[in-house]
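Colleague: Mind docking chain B on chain A? Use the hints.
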Amino acid sequence: MVVPLTDLVTDLATDLPIDLAAAPDIHQRRRLPASLVIGGLIVLTLFTAAALAQWIAPYPYDQMHIRDRFAPPGWHYFAGTDEYGRDVFSRLLFGSQLSLALGATATIIAMAIGVPLGLIAGYRRGWVDEVIMRCLDVMLAFPPIMLVLLILAVTPPSLVKTSIAIGVLAVAPIARVTRSVTLDLMSGEFIEAARARGERLSYMLLRELLPNIWPVLMVEASLRVVFAVLLGAVLSFLGFGVQPPAADWGLMISNGRAFVDTAPWISLAPGIAMSITVIGISLVGDGLREVLDPKLGAGR
Amino acid sequence: MSGMPAALHSASLAAEPLLEVRDLTIRYRQGDRRITAVRDVNLSLKPGGALAIVGESGSGKSSVAGAILDFLGPAAEVSGTILFEGENLLGLGATPRRNILGRRIGAVFQDPFTALNPALRIGRQIAEPMVQHLRLPLPEALRRAENALHEMGIERAAEVARAFPHQLSGGMKQRALIAAALACEPPLVILDEPTTALDVTVEAQILRLLSRLRRDKGISLLFISHNLGVVRRLCDDVAVMYASQLVELGNVRRVLERPTHPYSKGLLASRPPLAAAARSNRLAAIAGQMPTSPEPEAGCVFAPRCPFCEPRCTAGAQPLTMVGEYQEVRCWKSEGLAAWPPQPAAAVATPHFHRGDALVNVTRLSKIFGGGAGLPAWRLSLAGGRPRLYRPPRRIPAVNDVTFSISPGEVLGLVGESGCGKSTLGRLLLQLLRQSDGSVEFDGADVARLSSRALAPFRKQAQLVFQNVGSSLNPRLSVGEALSRPLALFNLTSRRDRIQRVEALLDMVRLPAAYRKRFPHQLSGGERQRVAIARALATEPRFIVCDEPVSALDVSVQATIVNLLADLRDQLGLSYLFISHDLAVVAQLSDRIAVMYRGRICEIGTATDVLAPPHHPYTRMLLASAANDEPVVEPIAAGVAAGPQTGCVFAARCPHKIGAICHTTPPPVKALSESHAIACHLDIAPSTAPTPVVVHLDAQRAAI
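Protein chains in written order, with this note's numbering: chain A, 29 to 328; chain B, 11 to 714.
Bound-form chain B, shown alone:
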């Protein structure tokens, strides 16, 4: 962090800014209409500085980056000036601009999985900009590419340079992309949500890499993100965008610790803390929805959602004004504004669960995926004289010997990184996949033994809510049709009462009854998720598998959906299997938490047990990454080959490995208390456990 807090677009700048955005306005033509995505944005970034633009989707933050990179396409009308190294980018022709991109400005985007060309070797893709811009001969560029990979903290750089993208993990790909962006040593790198698609542990590594590169090479960063926590570690300054405008900007610590604009306050307050929550606890939430084409002339754009709103707020355009020394805010009453109002706690008694009367009982459940189906899975072997057709036994254990139970009305959180088998486990519970071994009992009956006809009552009682709000609703069915189908299928209401029931369901998920006639594309992401929840509720289930239901949503929307799920849990006595990669969200909703790694549960216990030491080493790593404040031990090899596993699944990444025993012998499951169990060779007891990670409420939350 540089010592001097950067003043943004003020006259007191000591150094000439590297990048200066003045009065940037971006409008998109849509038919006859103009939609304003960015309005009068002023930003400046000095050499070596790091500026974050934070906002929810649709706030215009990516359009700002797009304007600098010239990625907006012909439908965008851009006005204002973008001064980069003293030159107005918007006044340049296509060719000079292209020469600046890649050479003077590097860019890294959100999705490392599609950003690399699958047909080219990694080294070649990093070398390409050097050949293009620096006119280096290819062998020299390839050699430099290898060095660049090494600089990104990749150990076997030569090997990785010769690899194809599909051979690398997501984190490795993102490192390669950062290496490519830095290939020509540009003074400015623009990062658009570079860690959003990655697991928390990988995210922590990438952030550390970026801050090291910034320190060592003096690169300036323009960092676009929706995640305030990520920004805190990396940037000096932050600009908060809402509905096309900057609403607050200033030093990162000041803005995060003492936010002055109501929107910043709300955004910070709606992040769940990394701590077990009482059943009555609800997250602070911002009511309403962001307008898509706001009119700031008619007053503050945030006014309709602001709890502090009064008539003067909507009397006219709100200017950005200085508050304190290095902070600007677009709110006239920011001075002495109270904290964002917390959500009132729900009136619920803390239930007690008895392990005896479980609703869902999973015993030694395993799922092994075979080597695919159909003819392509067969191989022709010419070895041993005679040609022979065979099917290679590719056995990939996705879920491996998992045992747990869920009581009626209880929420079990399931945490793990992508690919750990948590979604497969959810599908097994609902019998959308058949298990390879073990059993799933629902309400005392072994569901795997039921015929598909006898499965109907189970289907009615066990439902599913998904992650992908884009594809969870059939685009051709209106909300009303989608919600009345389960009613018709299970004969729950007479045809006459169906519309009333649909409206009641919509009301349950806090949507107006008129939404019955809408189609999915007319709904926002949060609204679609509400409809998907209503559809699951339509069958009057007792158990719902929630598979990452909030990970695709913005923080403020996420808080309202988590609250909704908590309300429904308490009102209807529902049990959830709540699957997520985000420990904080899981902790908010769950009575118990299971931590999963590569098909196995390595720790299970009440939310308080799991979040407090002693931890399984993997839980500890997850907590440290989420808390964002402690170096995480880098995995020795990302994507370890799925060979035969005899020992602990986590051994290859474990920083506390005690020796060969970890690789050869399956870890014993140690019960630390009646409710808490850890599978580890370490002598885990409160006294000898690895140094505890202090899980404090995020600093910024405590300050609000």
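Next up, chain A with everything else stripped away, as it sits in the complex:
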């Protein structure tokens, strides 16, 4: 529940049971951290571009311009063309759809499984904790690429399956983070007070624990999106992800590899796009953690 800012200010002004200075964060308008603003702008631009790719892309992603093969970046082709004369900028825009979709779904899948597991392990302790954490340890023992390749190799590749594979991979780290924060919170006396009231398990996990874990999870989630985008690109690069002629950043880098000497823009443009995405999402994660911290600026 969020208390409207104005309510608190009027309460303070009318009752004045303590002096206003004691709670500087309520009467001072909270400023957003720079990292959130910059990161947010980057991510917002990326999502808009991905959503509007059909309309803002100058050319369809698979349209070939045979005369303009290997055209350098210029007025007609912002980021040049590739070996088939396809517009690299248009392909970038369509590729961002795939990358962002992959990052988001994989992270959502990982959180949906990892957070409950970590919460229960940290809350219950004992054998429940042992069983859950040892199973996750087994998952962690596999080299990540191997595990994904294993999943993808037995069945034909598709975006949904890639997302699931990458998401499952991130379950263990998310569960571990959730568990360690939970363990830390469990020593808090408000947990004991809730137990002394005989609260149900669901209330303990969802109302007492989860809201306190959320800020840490936001940072973790932003990291996971970044990893998912990168891993997706690696899979495409290796040929296990999205198949040609689909536009995908990893695939584009892989294709451009052969022409790095003569037409570096083919690989460079998706590389730069990926860097910007990664930086933007990380900044958002950092910023969110600060904003979500209730003690921010309280000075005690």
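These aren't lab readings, by the way, just hints derived from the structure by calculation.
Check before you lean on any hint, since a few could be wrong.
Unchecked claim - Which residues of chain B face chain A? A few of them, derived with a C-beta cut under 8 Å, are: (1) 465; (2) 471; (3) 474; (4) 476; (5) 478; (6) 483; (7) 549.
What the hints assert, rightly or not - Ranges of calculated distance between the beta carbons of each label pair, as one might list FRET restraints: (8) B/454 - A/228: 26 to 32 Å; (9) B/145 - A/163: 52 to 58 Å; (10) B/124 - A/80: 51 to 57 Å; (11) B/41 - A/228: 50 to 56 Å; (12) B/43 - A/80: 41 to 47 Å; (13) B/480 - A/285: 54 to 60 Å.
Unchecked claim - Residues of chain A placed beyond 12 Å of chain B at every Cβ, according to the derived structure: (14) 65; (15) 92; (16) 188; (17) 274.
Just so you know, these numbers come straight off a predicted model, no measurement behind them.
Here a beta-carbon is modelled for each residue, glycine too, at the ideal position from N, C-alpha and C.
Modeller: For chain B alone, kept in the frame of chain A given last:
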């Protein structure tokens, strides 16, 4: 105590002061705002002197120490001068300042449990400053470290020097830290609340050690504390700080016996006396709260809370003026001011309790903690040929064969040092822990036998209030949400009336209704404790376990919370198990007192019985430490190994031990009267009891 009362920052100083603070002002930048933590503070300390700075948290006392030690960080703006041995510390660069710290100024801090590096041996940590500052070779420094430990009254100094911090008790750690601070024989040692984290008996030892070091080595002490009683034993002069200003300073005895500033009077009056209190008794309290960024230009900073306040007080800035010969005070009407007004007694009849109709009945209760859970608790043994997995039977009895009962409406105080099992006992009573043996009956029903579903009515009737005001409220829930949850859980009020009920609860703990919308970080420590009490009251309980509810609070706040708990006890007919390490606080609130040592109750009786002789030797030790006026027998070994106990648990520390019987045979429980029982081998009867400790009201209280 030096004969000559030191005049502070006056021209009549005989000796050149060792430390002189002039016009010290410290501001902290917080966003666009400047918060003044210290304003125009003037202090001086002559060689060999001891000066105390006393005040509640947030008064700026630690910032003064921080400015001298250069610990304030980049957000602090420091102005004024700090002359140490004739040199202005604030004008020095980082390197020369660092060379003075440790070498010429030693420092000891509050928390001995985190101040030592857990990975280094004690001796090495004491030797380090000598290697750093005196350029001694390490072996020589280590040898001196051992001597230093010996000087701190540690018997097996060589052994302790080779130990790691986790192997030592809190008191031993603090001794080691004092040894480290004194390693380079600095003329000045700054002590910031050095005994606050320690038990009273250990505190008494550390204070005696400090006054011996002061006498033998001629060291000057700057002692920061919130505890006036501690200051009295050690210091010549005291400076009382309130809301960034010095409000009173002068000779310790004068200030404590005849305080002139209303704040000093209030502070002294709100300390509970070490005596049983009538049910109607309430502690004197200072109403209101300390302002965080006060404006003394607009008048006395204490005026809003002062019972003597009149229009002239808020007419303009208040100067420090001399009163009498060696006392200065920032109050224009201090001359002939009356004593701090006592809290009016509550109108309550003294109830009579019958042991027959107990609300809580504890019989032979024991809790033995095993050697941990999960895989790490298992050990692999290769002895005897075949490898074997086993779980070592580490049995640590936290509560051992405890029997008592609490009548409806009665308060049982539980006193003991940290680690004696008193918190575990409280958790057992509420079935937050399952006992290993024995039974807990609540209202006639054995709660250990109830299923978790059947436990719900018990949960509603038995509640808990905690010590740690920082973590007792969920930081993500507003006060209103935290208070309405128990109402919803037990279906106590309809959804419509819930807000009214929450406001009524807030009113019960004397908080304004608008606090409903606040979050815990927007509340002060005392306010959080009130909310935690309101949350416990929300279920309309009959019994509350109060686990050290006031030990984390300042004295003046502590008095208001103790009064609140007393009011609620009388209005609602509540029973408490009131757990505390502070005998005076327990005595204030309790009908009966149980004294606990290492899992066992060694004495139980009415508050008057326990506080008056004859005493159990341990009770006697606690009383002597709290009264601060009699040498306490040092424990022979701190943290005695928890081996199999056959005899008296207190035997290892007992100064009145009669012989082997104390170690081999459990002491018999002797009933001295219908209500008073002591577990001891000594032939305890009023005539042959060990010399009684005279428990007088603190001298300063009597004088007010």
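Colleague: All hints are to be evaluated individually against the structure, with a verdict given for each.
Modeller: These are the hints, each one checked on the structure:
1. 465: Constraint on residue 465 of chain B satisfied, holds at 6 Å.
2. 471: Violated, because the Cβ-Cβ distance from residue 471 of chain B to chain A comes to roughly 11 Å (cut-off 8 Å).
3. 474: For residue 474 of chain B, the interface hint holds, since the closest Cβ of chain A sits about 5 Å away, which is under 8 Å.
4. 476: 4 Å, holds
5. 478: 5 Å, holds
6. 483: Given a least distance of 6 Å, the restraint on residue 483 of chain B holds.
7. 549: It holds, given that the least Cβ distance between residue 549 of chain B and chain A is near 7 Å, below 8 Å.
8. B/454 - A/228: 26 to 32 Å: Because 27 Å falls inside the window, the suggested range holds.
9. B/145 - A/163: 52 to 58 Å: 57 Å, holds
10. B/124 - A/80: 51 to 57 Å: With Cβ atoms ~55 Å apart, the hint holds.
11. B/41 - A/228: 50 to 56 Å: Between residue 41 of chain B and residue 228 of chain A, where Cβ atoms are some 41 Å apart, the hint is violated.
12. B/43 - A/80: 41 to 47 Å: 44 Å, holds
13. B/480 - A/285: 54 to 60 Å: 56 Å, holds
14. 65: 17 Å, holds
15. 92: Since the minimum Cβ distance to chain B is about 56 Å, residue 92 of chain A lies beyond 12 Å and the statement holds.
16. 188: Consistent with the label, residue 188 of chain A stays out of reach of chain B, its closest Cβ about 35 Å off (over 12 Å).
17. 274: 44 Å, holds
The earlier numbered hints that this structure contradicts are 2 and 11.
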